[in-house]
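Trainee: Chains as they are written, first to last, in my numbering: chain A, 1 to 396; chain B, 1 to 358; chain C, 1 to 296.
Among the hints, a few may not be true.
[Said to hold, decoys possible] Okay, derived cross-link-like pairs now, EDC-like style, lysine to aspartate or glutamate, Cα gap no bigger than 20 angstroms in a straight line:
hint, chain 1, residue 1, chain 2, residue 2
1, A, K132, A, E107
2, A, K230, C, E4
3, A, K310, A, E70
4, B, K137, B, D232
5, A, K108, B, D25
6, A, K214, B, E162
7, A, K42, A, E107
8, A, K108, A, E129
9, A, K197, A, E169
10, A, K108, A, D346
11, A, K132, B, E172
12, A, K197, B, E162
13, A, K132, A, D371
14, A, K42, A, E129
15, A, K302, A, E378
16, A, K132, B, D190
17, C, K88, C, E188
18, A, K309, A, E65
Hints in this document: simulated from the structure, not taken from any laboratory.
This structure is a prediction, so every number in the text was calculated from the model and none was measured.
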Amino acid sequence: MVLPPYSIERGEKMKKIASKILMAMLAVSFFAVPAAWAENIKVGAILAVTGGASFLGGPEARSLEMLVEEVNNNGGINGNKIELIIKDSAASPEKAISFAKQLIEEEKVLAIIGPSTSGETMKIKNICEQAKTPLLSCGAAEVIVNPVAAYVFKTPQKDSFAVKKIFMEMNKMGISKIAVLAGNTGFGKAGKGQLLKIAPEFGIEVVEVEVYDKKSNDLSAVVAKIKANKDVQAVINWSIVPAQAIVAKNMRQAGWDVPLFQSHGFGNIKYVEAAGAAAEGIIFPAGRLLIADSLPADNPQKALLMAYKKNYEAKFNEPASTFGGHAYDAFTILMAAVAEAGNDRDKVRTAIEGLKNFAGTGGVFNFSAEDHNGLGIEAFQMMIVKDGKFVAYTGK
Amino acid sequence: MKKLLSILPLLAVVIGVHLLTSATDTMYYLTQMTMSAYYSLLIIGLCVLMGYAGQISLGHAGFFAIGGYLSAALTTRSLIPYQGTTLVSLLDSAGLLLSGHDLYGEALLVVTPWAACIIAVLTAACIAVVIGIPVLKLKGHYLAMATLGFGIIIYRLALAMEYFGEADGISEVPAFVLLPGVSVSGNFSDRVQNYYIAWVLLLIGMVLLLNLIDSRVGRALRGIHGSDEAADAMGVNTARFKLQTFVLSAVFAAIAGVFLTHYNGGIGPSEAGVMKSVRYVAIVAVGGMAHLWGALLMGIVLNFLSLRGIFGSYDDAVFGLILIVIMLFAPNGILSINVRHRLRQLLGRGKQDRAGEV
Amino acid sequence: MTTELFIQYLLAGITYGSIYAIVAIGFNIIYNTTGIINFAQGEFVMFGGMIAISLLQFMPLPLAILLAVVLTMLIGALIEICFIRWLKSPSVLRMIIITIGISILSREVAVHVWGESIRSLPYFVGNEITSIPILGARISPQVLWVVAVSGLMVVCLGVFFKTTSVGREMRACASNRKAATLCGINAENMVTLSFVLSAGIGALAGCVMSPITYSQYDMGTGLAIKGFTVAILGGLGSSGGAVAAGLLLGIIEAFSVSVVPLAFQDAISISILLIILFVRPQGLFGSKEAAGLKEF
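Looking at chain A on its own, in the form it has when it is part of the complex (with noise of 0.2 angstroms):
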């Protein structure tokens, strides 16, 4: 099959097979399976399912074992059946090499979704590159895909887009020195970085800074630290982690209310639930997933984001989280390339190179060859929460 040329009409093209894809996986049929499949396509995805960063593998799993299902029972890709291999990498880097060569050379898989972590993502970037494998990684920092790697592609939006989307909402606000928080994962790391190179261009001055460790148990010392320093306006929490919810917890509680701005790893509704009344009116930058109800019927996301939080929801009695999402479009998105491109490592990589307009959880992708990570500013909404509940935040 010859590749047509990039251009529009193909971005149209893969917009209709996508919309076909999604159209298959939301009519749920258990009886269309056909009794021969023309083709195995073997999918590999290493997961950080249990160990540190299992708050994120665990959900990114479970989406991905229901895709699979689904996409299967509707018959697969173009009639092959989809092979996933899901490897548990405990978020250990030294595990995910292991895995990667493993999954490239002995499983020959077509492409590989995750790591979870962009630790993980980042040490078996060049072992992709060099196999020519497809990387879909599920880890946020933006080195991942800065420079850009020919085979790696990861779906969480850009840090940097969700920093100016903060900063954008602090100058309406008119505050202008902030504290910044983070937790002492990749994802706090990457967002500390972007925070304070960001900070100057929005003339936001970043009075402190702290790390906190992913597995604290209290933070009112600290949060007594920053309170002593007049100067702050606001606090920006930058983490991904559980111990998020305790630094709103002990802000409150130390009776300080100034603002509190969170990072879109606050995107699931179990945090709020673990800050309980301290969660009320922290604002943050996230995917539509969470306010998928309240979308306007004619948004692209809301069809996909309202099947994917129902059939989740229903199958694994837990609230959906953005988490899960990143690996739903890595997965969508490879199976649209596929569904294009066939089972060949080098098409399948021009065909993702090529989707345009592709709506997932995490907003709307447009891909290039420059760009691989395809979502731009406008794929974060601002939300705050009230009532225990996340919605859009539309200033004061």
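Fit chains B and C to the supplied structure of chain A, relying on the hints for placement.
Mentor: Same frame as chain A, now just chains B and C:
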């Protein structure tokens, strides 16, 4: 010479594994065999420290990390911003610096892997001496705590310092060119030579340690079952032997760290974590504390299975179970299980029981 | 530093310190009767919290906590009976490895039963934003619960070991197991009892701190390390030492925030501990003679 002979069967096995995998077209197994060999290098060093010198260390992942992280940072972090300083120009004139470009065309000025390796291992050895002198005076649980504490400090420093990449660790570590044409790297094309590099290193380590435990002090300690007092009474300087063994095992760990980091092309903070140290101690115990061959066997087997992800999400659970079962039923390690004796015992007991019923 | 900030740090330190102290006391009870450090102590804390959270759906809070403590005690007894009771004079290192194995297994059981997400009990009084002013600083009422419960536990344990006959028998086993057995004390039952007691204390701690720290399947390891540190620093086997050392460590950690970045907190506090250990190898409050007599 005898030691060398006892190593020969192992060498034969190593070559055999290569030939077997190459004949069955399953050479990919060599990747995990290589990684396991490096972890086992650390484990046999720890085995001598625990089984023969009688000192527990819950901080050996710390030494592994010192080796791996220093070597990775020195060969990856560019020195260009510091180009004018005396230290850098000194290194440069000694021919220890390498300039080039990274994958994306940025200019780089880094320390050569050989120099980085030596610096990393020497640093680990020095830290082992400084820590070892006070730590080895402690006993029992206090010693466990002190070594655990050392491990935590290294882990925290790796996780907190920008230079060591914080939570992401260090990536894109270059190949370690040992000799022209021979390099430690994860490239698919270098797999066989790396398999041999790792195993030859491990074999050399085994020979050294077998010699050490057969030395005068080693024999003395073994003969009196590790009692310090008795050894002291016999005129053996136990404190010195302990320190030497501690430093030696730290050097083994650091070398393992350096090589594995170059092989993997990176290192992350999980390599320095407490659970890693605990895992190493547990593997030594499962192999049999004073049983170098047992430790080697378990080091290879358990790491190999874990790195291949055989147990999936139950990796830790299976590990914990193996630990408990072996410690309950074969406290002297897996090689102490005398199958025939066990069977006879079981059968014998069965007979007795039946006799009792009658 | 203003007084307000000083008090705030002090209170934070006391919060951390009380939590560490309860875990350390759990270590000490088992150590005293067996000479074993039970590295699965942190898992008792986790089980306590997790079970109480699950039970809360069916019953009021006090009952859920009570039942969780009882169930965890049963788990403690079961662990002792299955893994420890029938071993004949096991070496201490063997016991360390076995308890580490139990700790890993318990964690795995927990993750497959409860999943990886965090849970928590509701605040006993008020909610997440309630706080009480103390000398210009503010703390959550739950902190008072933690401090009160740990204080109460220390007092009750002291009374139990000093005045009751069972307590005295346990102490007898601690100082000389053979002699105690000769006096007609069932040493094996005393060991089981020490596991039950220490599991109960861990579970209660797990419930009281759950609103502050949350409960998660892997919370045990971190707590065990801190608890072990405090037990060693206070001198193994000494409850008073554990409390003092716990508070000391907690306060050092809280105040260290004002001098060094939080990311280095653990490195600093552990370094201080190591230095103390080098100067006083038997711990701050342990006796040198007793430490010298211990087998391992």
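Trainee: Of the hints given before, which are not true for this structure?
Mentor: none
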